[in-house]
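Fit chain B to the supplied structure of chain A, relying on the hints for placement.
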Amino acid sequence: MSSRISRRDWLRRTSIAGAFTAGTAQAIEPGRPAWRGAERVEQIATNCEMCFWRCGVLAEVRDGKVVKLAGNPDHPLTAGRLCARGNAGSQLLYDPDRLKRPMLRTGARGQGKFRDISWDQALDFLAARMTDLKRKHGAESLAFFPHGVASTFFATLMKAFGTPNSAEPAFSQCRGPREVGYALTFGAGLGSPEPVDLEESKLIVLIGSHIGENVFTSQVTAFSTALERGAKLIVVDPRFSVAAAKANWWLPIRPGTDIALLLAWINVLIEDGAYDKEYIARYAAGLPELAAHVREFTPEWAECITELPAGQVRETARAMAAAKPAVALHPGRHATWYGDDTQRARAMAIVTALLGSWGRKGGIFLPTNLHAGSGPFPPFPKTRERADGAGTRYPLASEEQGLTMGLIEATLTEKPYPIKGWIVYGQNVLESIPRREQTLKAIGQLDLLVVVDVMPMEQVQYADLVLPEATYLERYDPPAVVSSAKRPFIAVRQPVVDPLFDSRPGWWIAKQMSQRLGLEAYFPWSTPEEHLESIVRPLDVNIRQLRARGAVSFAGRPYIDNRQPGDGALFPTASGKIELYSPMLKQLGFDPLPRFNGVNDPPTGYFRLLYGRAPVHSFARSQNNAWLDALMPENQVWINSDAARDRRLDEGDRVILENQDGVQSLPVAVRVTPGIRRDCVYMVHGFGHASRALRRAYHKGASDTRLMTRVGIDPIMGGTGMRVNFVRVRKAQERG
Amino acid sequence: MARYAMVIDLQKCVGCQACTMACDSEYEVPMGYARTHVRYAGPQGTLPHLVAGPYIAQCNHCDRPACVHACPTGATFQSADGIVKVNRDLCIGCGFCVEACPYDARYLNPVINKVDKCDFCASRLEKGLPPACVATCTAHAKYLGDLEDTRSEVFRLAYEQGAHRNETDDVHIGPNVYYLGKPQNIGLALATFPPRRPRLVTQGQFWRGVVKPLVLAAIGATFIGQAVAFFHQLRTGEKQFED
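Chains as they are written, first to last, in this note's numbering: chain A, 450 to 1185; chain B, 20 to 262.
Quick caveat, the hints were computed from the structure, so don't treat them as lab data.
From a predicted model like this one, the values you see are computed outputs, not experimental measurements.
Treat the hints with care, since some could be wrong.
What the hints assert, rightly or not - Here are the simulated distance ranges between beta carbons: (1) Gln560(A) with Ala210(B): 33 to 39 Å; (2) Thr65(B) with Ala1023(A): 38 to 44 Å; (3) Arg1012(A) with Glu179(B): 38 to 44 Å; (4) Lys562(A) with Leu233(B): 17 to 23 Å; (5) Glu979(A) with Lys146(B): 33 to 39 Å; (6) Pro232(B) with His1148(A): 37 to 43 Å; (7) Leu233(B) with His1148(A): 51 to 57 Å.
C-beta atoms are modelled at their ideal positions from N, C-alpha and C, and glycine is treated no differently.
So that you can see chain A by itself, here it is in the shape it has in the complex:
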């Protein structure tokens, strides 16, 4: 067996072997991952759902796998740009912690014990339980807690089933007061995306809005474009936000006193005679009443309340007057702060009106309605009045979006009638609605709790039935028909890959349920493509082009000057004018003009708890995303440097927050900074997840919602003000 290899052979062979090993390790192009070679990668247009802004996405898909998400340059609103969350969307799709198959509860509620079942079993079970509830307590005993576009199919099912009780935080924990306050004044709310003409403005005014930390792609683009063009910026915020650091005027206002500042601004505009006289004379009613009302609300009066120098209040009002009408006073988005929020929105709307900014370039632009199809539905059955008081106890609450906390209270009290079942669809009732204990108690009284979601949020542990929904990258949703853009547009959401695991798209779940409940007539299409066609057909859009490019836009008429008769009334209020003085509020027994009614100071030793957004996370939804977690694994508590020194707190110390009712947070790191007032602390919302099934996000950071045991209820529209809680801060016990 002896063999001899010549030295030359040996050298030849080893060098070949060496070349071979080098060859396998080599990238195709330096710096590029190996998969990005010459192969053709499929690109599919859709829109994003990492938040609700729905930016245009181009998904690169190779062999059925999403390898990259990028902005879609053809999208009329976002033009190829995507934020960090949008770029990280594939990590939601491929999150190993996703809900994977339908599950039926086997243990006690909250224990988290389930067995897997098939979709047929799951949907049969749900249909049987819904029918049962309807027979025993009536259809309205079933309440619906939706969030997101995918839930619209199920919303149709619920209406067809016969319950009026649907409520989402988008109204009563978010935009409600703003929509109502602006509608009272101008006859129309703002909608989403907000039609704020930032890029054309000469002066931007942000009241609590923290653009930059709160990122909606096109809004940030417009904001930075304005700054580049030399727009001035006023930021009213107790915290030195990212926007405040760019501002010409930062007004570190005493929290809760915004109405006083706004009244003083109105005072200056009127006393100076610096409002848009021609615009007001032509379009507005109620100026004399307003002028008389604000006469006493001078900047000196406001200084005592807001702790802002009167000179600065006057100077900023005059800056607005100088820039009018191109002043973009941003109406904000999350507006449920103190319970007087509709009146604050009214005050903001009045300033906007006095500056002549509504419907004018650089102010608030007007929507251009698109007349998309809605499908030939049979009429929905008549129902009893809503259980949450929307439209009755709270006369101006939206009956379409409802009051979440009203439904929870009705569940607890069984008044005006019993609510025995909840279907929670994409909403996170424990993390988005204050008074968590009350929510848990209500859940304990339910005969049926169903959760439809993508991720195993904490509420899943309490569900009787869990249905795993496909992510936005795996499903059709109703297309976005967006009128509140300067160029209105329609954009599609279509699957870029097949659903993973045993998840199913929302349209499929709703349609399947409709067949089991005998409600097929409300779903008169057999495929989602057919449904899409029925919506876009009246717009005369080439559907192949729409699907290939992702979006199609139309000519817009965003300003008063280019409106046409078919666009409808300019100010669809009762008087047909801008109502500076609100006869409707007067008639309902509320202040017809906004008034500052005071705000409680924190008790000694306590701070007011403020909260907000981070650019890399959405609500309490994205914390388990691997890439976003890497960028921001937990939140911090901002605390003023002097206040921290008094309490011997250093940067990075872990602390417990305890609220006025003794509720404690998880340990959370402090950020010691001069960039916040001494009377408040601030944290980013959405952290401190209590679901162990979120293996990455579990117990990282602290939850602000958990500390909200009190709310300020807005008597006009039933919103829940959430900035009325106080916390004290103590060092967390060192462990081991």
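Okay, now just chain B, sitting in the frame of chain A:
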């Protein structure tokens, strides 16, 4: 010939990290590492007189790059258009360039054990695409272009609008990332994240970093060669090899 440079308008930048994420996704950057990322300076001062702002850290594609000088194998090189690149075939993962870079713009990718860094998305540029970070930037705050083209946007922004480079008296190796913004914000950002002096390699590090891997590679290659020969021989029999 072009001279690529980037201008970053920090007054427009909101620090949203879209660029970071787009880059991470484009290049499969392992979590915890970055080719580009946003940092935040401040707030500093006494309320209400405060300064704060974002800063974007990435490769500066310097005129006199310390990394190129430090690389023992020639893997790190500067192409004629000014872009500093890493040839992965030649990179041995010694990390000298990581130590040398005053801007900490390089990292040793633990998955492939090669150095990785921003290359202005050279492969995208070849296809006529903007860099991934520029394309996705929500604030439209990043500009890439040719500094030798007097009509280019980067020329206008860098020279006519008085942009700043992140240099100190200690470290001035000709960085080609230019920052725009309010003077006090730029001042704070550059003072908070200044370049550090390049760390040079000692003899001991050289032994551990270069010679050892090279020797190991040689031994490995020999072993593989032997193994290939052995198995080849098993399969084909001895006869062919008998002289």
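These are the hints, each one checked on the structure:
1. Checked against the hint of 33 to 39 Å, the C-beta distance between Gln560(A) and Ala210(B) comes to roughly 55 Å, which is inconsistent with it.
2. Distance hint check: the CB atoms of Thr65(B) and Ala1023(A) are about 51 Å apart, inconsistent with the given range 38 to 44 Å.
3. Remark: the range hint 38 to 44 Å for Arg1012(A) to Glu179(B) is upheld by a beta-carbon distance near 41 Å.
4. Between Lys562(A) and Leu233(B) the CB atoms are about 58 Å apart, so this pair departs from the stated range of 17 to 23 Å.
5. Against the hinted window of 33 to 39 Å, the Cβ-Cβ separation of Glu979(A) and Lys146(B) comes to about 38 Å, which satisfies the hint.
6. Taken as a hint, the range 37 to 43 Å holds for the pair Pro232(B) and His1148(A), whose Cβ atoms sit roughly 41 Å apart.
7. For Leu233(B) paired with His1148(A), a C-beta distance near 47 Å fails the hint of 51 to 57 Å.
Against the hints set out earlier in the document, violations occur for numbers 1, 2, 4, 7.
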